[in-house]
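Since chain A is already given, all that's left is putting chains B, C, D, E and F on it; use the hints.
Chains as they are written, first to last, in our numbering: chain A, 1 to 159; chain B, 1 to 342; chain C, 1 to 395; chain D, 1 to 99; chain E, 1 to 204; chain F, 1 to 163.
Rather than coming from a laboratory, the hints here were simulated on the basis of the structure.
Derived SDA-like pairs: lysine to any residue, alpha-carbon spacing no greater than 20 Å straight-line: (1) A/31 to A/139; (2) B/39 to B/292; (3) B/39 to A/23; (4) C/78 to E/173; (5) B/339 to F/131; (6) B/322 to C/222; (7) B/142 to B/82; (8) A/16 to B/39.
A few chain C residues that don't get close to chain B, going by computed Cβ distances all over 12 Å: (9) 64; (10) 72; (11) 261.
Cβ coordinates follow ideal geometry from the N, Cα and C atoms, glycine included.
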Amino acid sequence: MAKLPGLIGGLGITFKTMLKGAVTVQYPHEKEAPPTRARGVIALSEENCTSCMLCSRSCPDWCIYIEGHKEQRPPKREGGRPRSVNILDRFDIDYALCMYCGICVEVCPFDALFWSPEFEYSEPNIASLLHNKERLGAWFATVPAPEPLEVGAESGKKK
Amino acid sequence: MNALAVEIPWGVLLAIKAVVILAVVPLGALVLGYTFLLKMMSHMQSRLGPMDPGGFHGWFQLIGDGIKFLQKEDIVPDEADRRVFALAPTVVVISTFLIFVVIPAGPRLQVANLDVGVFYALAVSSLSVIGVLMAGWASANKFALIGALRAAAQLIAYELPLLLAVVGVVIQAGTMSLQGIVSAQQDGAIFGWSGIGNPFILTQFVGFLLFLIAAQAELTQTPFDMPVAESELVAGYMVEYTGFRFLFFFIGEFGTATAFAALAATLFLGGWSIPGVHGTAADLLGPLVLVLKLMAVAFLMFWVRFTYPRLREDQLQALAWKVLIPIALVNVIITAIIKVAI
Amino acid sequence: MSTTEQPMTPGFEVDPAAFRHLADAQVNVELDTGDMILNMGPQHPATHGTLRLVVRLDGERVIAADPVIGYMHRGYEKLTEFRTYPQVTTLINRIDWLSSFANEVPFVHAAEQLMEIEAPPRAQYIRTALTELSRIATFLLFLGEMGLQVGALTPAFYGFRDREHVLNLIEAATGGRFHPNFNRIGGLKDDLPWGWIAETRNTMKIVLDACDVFEDLVVGNEIFQARTRSIGIIPGELGASYGVSGSNLRASGVDWDLRRDGAPYLAYPDLDFQVFTHPDGDSFSRYWVRLQETRESARMVLQLLDGMPAGPIMAKVPRIIKVPEGEAWVETENPLGQMGYYVVSKGATGPFRVKIRSASFSNVSILPWMLRGVYVPDVVTILASLYFILGDIDR
Amino acid sequence: MLLNQFLILAAILFGIGMYGVLVRRNGVLVLMSVELMLNAVNLNLIAFSARLQETSGQVFSLFVITIAAAEVGVGLAIILLLYRNFRSPDLDEVHQMKG
Amino acid sequence: MADLATLTSRITDALGDAVLDAGEARGTLVVRVRPDAWRSTAETARRTLGFDYLSFIAGIDWMPAPVVGLVEGDTSTPAQPSDMTFGVAGSAGRFQVFAHVQSTTQHAGVTFRTDVDEADPRVESWVSVYPGADWHERECWEMYGFVFEGHPSLRHLYLPSEFEGHPLRKDFPLLAREVKPWPGLTDVEPMPGGDDEAGEEGAA
Amino acid sequence: MVAQNVAFGILALAMVLAAIGVVRTQNVVHAALYLVVVLAGAAAQYILLAAEFVAWVQVLIYIGAVVILFLFGIMLTRAPMGDLEGLNNRQGLPAVVATLALIGTLTALLVDAFSDQEIVLDAPTPTADIATQVFKVYVVPFEAVSILLLAALVGAIVLARRD
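For reference, chain A alone in the conformation it holds in the complex (with noise of 0.2 Å):
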């Protein structure tokens, strides 16, 4: 192609762009859905959870708060010890301060915290940001099934 002075070259990029159409989303109408592995938000399995502290200790932020006590439970054969249990009473993360690096999710070795690509919760409140237990859980729903890896990935290789 002959070489067109850059002026109208200019012109004529910004004019076929115009006639081809947008690519934007018009967001709160229609949305984009994230990857399946997007880290949106956090949600915590509860029943996993032993409030063993590994996520809390391993958070750079320290933005997670546990707390939690310790009950006596009938023991699973008779005549058993009875065993301890620990109880959860406070799972709190705070997405204020939460750098979303992923850590927590990765250490918990019972497999109670979850990355899900949802996104919708910013707030006009900074302290509502604190996320407790129950909203947590609630975002457990959202949690995508593992999607299936590239070829020449190591097979069974999970989470």
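Just chains B, C, D, E and F now, with coordinates in the frame of chain A:
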């Protein structure tokens, strides 16, 4: 000079004219702002622009913005020269209003058919420089002052090519009256063929380009928007303005764009005229035709605005003095020679 | 009424020293006006961030400029001393937030060197691909943004538009758009998701097209050339002694790219790529070099996808990471230039001292030299063409 | 309209302009006062031209306007030069002709 | 890349008796020079050895951080060994300055290091040799309190000019970690009659 | 004619007040802006006197260029932004006396000479008439003015250059 066949009392006519002029500037600003700033620019940038306000393609956006500006607090900097600061936007807007006085929208649809119409339009358009300098100086802000100085230097420099570009048209039409120029184009002929009249864009194409370039500079639009360069001077002389005063500047900017587009349409595209349509029919169709031509010119101007980077201050001065003015002078001479020869 | 003996009003007072200085900077004659101090920033559109530039002006000409930084200083070098190694990667993500992934690589690499482990080849390839993707994302933004700074609004939107595709890829693979935190000492957090490679191939086509658009819309534009040619020239030798690196230095004719010339890292030794230099050293050549490098990066990504080996993505690493005592200096060619970490470990779970050598810090330190004698509009051009990220300056 | 109303207005403007020239110290302001006087002259020219139904007056007023523009250009250049050498636009301080 | 042994001998030959010690940090040469030869080292490096590129200048404090406010079992804050050890090239005392220079043509680099006296922290400035040293030395000055002699203007770079203290010194506390209680404190409540009744606290 | 006389009165009052503003204000920029009012008033007077073309030349050249030049000069020499003392010299009182004497004399003379003269206008002067005059009758002065302009241009540049 009454607009319709019925006899209208002098005072009422004056009032009607005043209302039309008062309405046409904000309306023009609104239409151009919406069509080009919000919609055309957005599409050129692969987006849609505002879609929600008003339901249909965000047509209410600018009106809403205007209402928002009216509600805003009127902030005047402490160090500012309050009276001058307050007066500056008005001066800019008044200069815009005055241009529309002579722009004809039909054979009888004109506020005043001045003998020196073109000259008048260009003279009053230069008034806005005063407003710009006032704004920049009174804001007590260095960015504003630099912006105003740049604007003034630029507006003065480009007044010349603007005038000279028009001179060619004036020579060809043999009149400075805008009505005269329009009818010269409507009734003219190209090599004896009068099918489309003789729009001066054909014979004065150089003049048309010069006019567009100079108008772009007068409007301080890209590539000549150094005075308001948002990436360095933030908003130049407008930096301290808020609320309805800023709204005035906005109306001034797009209103003047409308005015210059209308002027260009009148001077080079035949204004309200459609070949062969005269009399009352032209009065009825004229405004529509003018608006269509005006929008076509404005499209060109904004297309350039949204595509190009801006020239540096010294470069745009050099462009005006070393390129545009010589070309314009040559154009005038050639036109004059041809006119005399024929 | 005052007397004639009254000294001139304060507004007219001019520092004579400034005028002597001015005489040196003066290139052509013009009206003599008093000088004035202009504060550009910390909140100024040209500084895209919180850089403050104190500029002394004579008319529109800069006679001295002093960048004031630190408005975003987060003290990462101190913070790293209080974090464990896995936690540090989340911090250093945020140094140069436009190419976070590339920030992680040298640090993780340093830790791996100290622990004497090596990530498996597949992990190296994925790391390289993501590094190049973040380079593309960074440069696409630059290519548009530079247009914006010289007054063209539209290229900026094209830059954002096309970068979005690349960010989508990074997000699909890592889960984070801006802060991937995907590198682990010894490998990666996860393998690529299904379909990623095909998607990347498509996106690279988009990127190459985008480069053509910028070539026509910006590089070819006469006004852009008038605004950038021979503006802000960095002589190669001076640039090097200031520590200017990356594309900025290559645009000054210094043929030096750590991907090719540094200690071998990632999968770069396996790749066939070209290093672009430009002899001029002005703003235009910096733009041009980055444009070529964007293209080259897209080609490199395609090469990586073709040669992607199968296998594990994680080496054998102890569960609790303790790095043995020692020191390591790892430098990489990041989008903005040389990024290096000097890690001193004393055998604990966290580093003892981390010196973060970020590219923008040195790139910007040459500004006082560059800005002397230029016009105000050129200040903006030069700032944009140096292309710095505030987080990368302030750390 | 009477001819005199214009002529007297012109006289008053001329007087005010002269006052300015006499009183002002700032060079720019002196130039402005001179402009006032020139305008008074123009007003006279136009008024007589209208009275006599003759366009020569208008033509000469055009010349006056042109000359005024030239005068301001040179005048401001001189003032800038003075400002550069004396660091003040004050004319009263210019009692020595050294640069 | 020139190999390390050749590079070492080239540098030590050129610097002569200024070299106190040399070592290797994972593939990078570290050369410790006498404090009074710090600037001449830079001159030799730039003019004779061809290291035209200044990568960085930084300080280091070899003193272990005093453990303040840290709790037993805190795995989020790494505990450093409490005895003072020095890096690969040794050190005379607590403070050192180190700088990395490179060559854009030979594709090689070296880290120079010199000792800084704790009582009188003075170092020669490199600004006259590498103009880019300006900001690095200002940073080092405000972070460690090292005075670079010959630097044209040691002003604050990052911190506000009224800032007191030298943040990167190890004895400068990181307040963010001290004012907020470590999350491990809010531990599980003891069982009635349990063995770990003491020392546990409630809500944070 | 009544409307024109009313218009004249309003304009004349504004012009005189603004002219006094020009010579009395303590702010240089305000002086320039007052000058704009005087000039615009003069342009309006020209229109009253049917000299339309001159009026718009006045607007274009005086307001559009001369005042801009003034403002430019003021801003370039960075006149202090606020009010300032010392814009006037100490000849205030004698100047007032001289001015009043001048105005008085002139007015008396004018009243004596032209008090019966009336202006009767029918239509605005056609611009073509002025053009004919300029290019036929006054072509030599016109050329002289052109050369003067050129000389002024060269002179201004020579003066303002710094070398």
